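One letter stands for each residue in the lines below.
There are 2 protein chains.
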Amino acid sequence: MKKTYLLAPGPTPIPESVTAALSGPLIHHRTPAFQAILDDVRAGLRHIFQTRQDVLLLSTSGTGGMEAALTNLFSPSDEVIYINAGKFGERWGKIAKAYGLTPIEVKVPNGETLEIRQLEEKIKQHPAVKAVLFQASETSTGVKLPTQEICKVTKAANILSVCDAITACGVFDLPMDEWGIDVLITGSQKALMIPPGLAMIALSEKAWAAVEKATLPRFYFDLLREKKAAAKSTTAWTPPISLIQGLQESLRMIKEEGLHNVFKRHELLARATRAGVQALGLEIFARKPSPALTAVKVPSGIKDGKLIPKTMRDKYGVTIAGGQDELEGKIFRLSHFGYADRFDVTTALSALELTLHDLGHPVEFGKGVGAALRTFSEG
Amino acid sequence: MKKTYLLAPGPTPIPESVTAALSGPLIHHRTPAFQAILDDVRAGLRHIFQTRQDVLLLSTSGTGGMEAALTNLFSPSDEVIYINAGKFGERWGKIAKAYGLTPIEVKVPNGETLEIRQLEEKIKQHPAVKAVLFQASETSTGVKLPTQEICKVTKAANILSVCDAITACGVFDLPMDEWGIDVLITGSQKALMIPPGLAMIALSEKAWAAVEKATLPRFYFDLLREKKAAAKSTTAWTPPISLIQGLQESLRMIKEEGLHNVFKRHELLARATRAGVQALGLEIFARKPSPALTAVKVPSGIKDGKLIPKTMRDKYGVTIAGGQDELEGKIFRLSHFGYADRFDVTTALSALELTLHDLGHPVEFGKGVGAALRTFSEG
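So the protein lines, in turn, are chains L and A. With this note's numbering applied, the first sequence has no gaps in its numbers, which climb one by one up to 413 at the end. With this note's numbering applied, the second sequence has no gaps in its numbers, which climb one by one up to 413 at the end.
Bound conformation, chain L alone:
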């Protein structure tokens, strides 16, 4: 017997009652029964997004949600600033380029976060810029970006803020309306605790005004068509029915726990993980770490850093994430959001202690776990 644990920053584990809802009889999507589920789910999502706007559901991965934002908001050659603090920031630039926009990069070194002056200066240099594209949490480096500050700057410049919140929405506080986030995007397999295949997006009134003028081509991801469908309690195309049936249950769970209690839980799990990792003498990679995940530098004594996630998965059944692209072998990433509690943290640290020992790195067993337990005990 080998029990397995999913402790990667997406897909995250599915709660048992959500699995049950996902496995319920499929309800035809053009029926009053499914429309009632959709309306309930949309209300739950407005609560998570902290917005009065419609939250639209798209049958796609998160990347499709990012693409939908760009093709609905802009016209060919439009200038957009994107904050490249890692792999997902870089993706904004790639999508913008693929659609003939003029992407302007604000480069943030891996592991660092944005200095807000960098952004202010870039906007001054490019007075025609239409928007700033960024991640609230850059999953590739474990960095949290200053969403509220970015939105203050975009508001002052009267341009749009487009926020990929795929590992942020439902993880930590990100009040869309209050902070003036113009576009907020998330995905299903993260804090919402269902399998991948569903992206969600909400637009401010200012963003909807931009949609009216935008001429980039779109059909499947036509948000105006989705908005009209939402007003009739339906979707433009066939939705991923089973995921939406599961989402109704996961949203109910979040509401029952209380959204701000969820945020507090994630923050505590993140602090305990960081304390555990540091007690083992390892270094946190992100200078401003996201509460979603902890990226850790591979200690210099371990030559092949890829062996850490590989050993944890193959020998101990614990799936975490390694580094991607140029960070491969240099960092590993422990996730602690969604359906995660204190014993997921102690499991991750226990497997990490065993793995480090296996790879010849000196470990005082229990030191990492002990530090995490101390954090929990102090609350």
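In short, the hints are calculated from the structure, not lab data. Honestly, I wouldn't trust all of these hints.
One copy or any two copies: either way a pair holds, since identical chains are not told apart in the list.
In silico DSS-like pairs for lysine-lysine, Cα to Cα no more than 25 Å straight-line [unchecked claim]:
{"no.": "1", "residue 1": "Lys131", "residue 2": "Lys247"}
{"no.": "2", "residue 1": "Lys266", "residue 2": "Lys340"}
{"no.": "3", "residue 1": "Lys262", "residue 2": "Lys131"}
{"no.": "4", "residue 1": "Lys344", "residue 2": "Lys262"}
Predicted model only: the values in this text are computed from it and were never measured.
Use these hints to put chain A onto chain L, whose structure you have.
Structure of chain A alone, referenced to chain L:
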């Protein structure tokens, strides 16, 4: 207690063992365990598509698969012929227009099928045309289109055949390589017996050559990127993991039954349904009916045709499909493919007999069901 029956042309019912597979522990998509599932699923799909080409998996509804075909094959202003035999044929024209192509319509009246001379003449009139876009089975009218004949014509004209086989692939024989179908697209919630959220697409070598030259913008639906990922047993973006886990089981079931036995079963269920409907004195809407579904004209005595599907669903728990757009209230549609057997047909006809009686239409109870049973008995 109210048992419910899903007898609409998608989503179709999910077999119990597929539900179990869908509900299994989520496997992280960047692991050898999931790569093995993906490779197995792709092999199973090549068998269903009857092709040696890669079958690519996209996290989207079928409409996204149609869009992917157009944005990867063509460049702005390219002329494409689309066969408009109903709502889904019309959609080809809409997507083409949204992306700045020059769509040329071959209009087929509702319920009729394509006369191949219509297509030949249209190609002669437009010598620069690049492709013919069509449905193998037009779900809105229940009509089967002559795929093999269309492909003979496109081959002779040296242009591409792009086939939406969303309610055709796995329903009836559609050998991609043998017939020279250049692009074949299907969706998950039809003959493949899993929930919606996954589209599949395969391209011939001729179609891949067109991709190299095509300049329409694409990123999320970039098929070349997906092809490269497939060569490494992965996907470009996060795939709908749970659906793919379910698909592995449904493909196993299809292989166990035998693909051509599946086709024979669908053909028999279709014949029995048509016999039952006609024995009740009702008229089949499609002149060349698809084995996937039977579209039936609402009898003239029933004034509000929408009451037929509504009564079947709300009073008897049997979800069928009504007519869409201008066919609303004029036809209703009974599905008989996927996880469907003879008793799904007798259930549909039984509920129909009760419903017609409820709506004041004269019915000799058992006459429709009896005709279906006679068909089954004769095999």
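How the hints compare with the structure:
{"no.": "1", "hint": "Lys131 / Lys247", "verdict": "both (20 Å within a copy, 18 Å between copies)"}
{"no.": "2", "hint": "Lys266 / Lys340", "verdict": "between (50 Å within a copy, 18 Å between copies)"}
{"no.": "3", "hint": "Lys262 / Lys131", "verdict": "between (29 Å within a copy, 20 Å between copies)"}
{"no.": "4", "hint": "Lys344 / Lys262", "verdict": "between (47 Å within a copy, 24 Å between copies)"}
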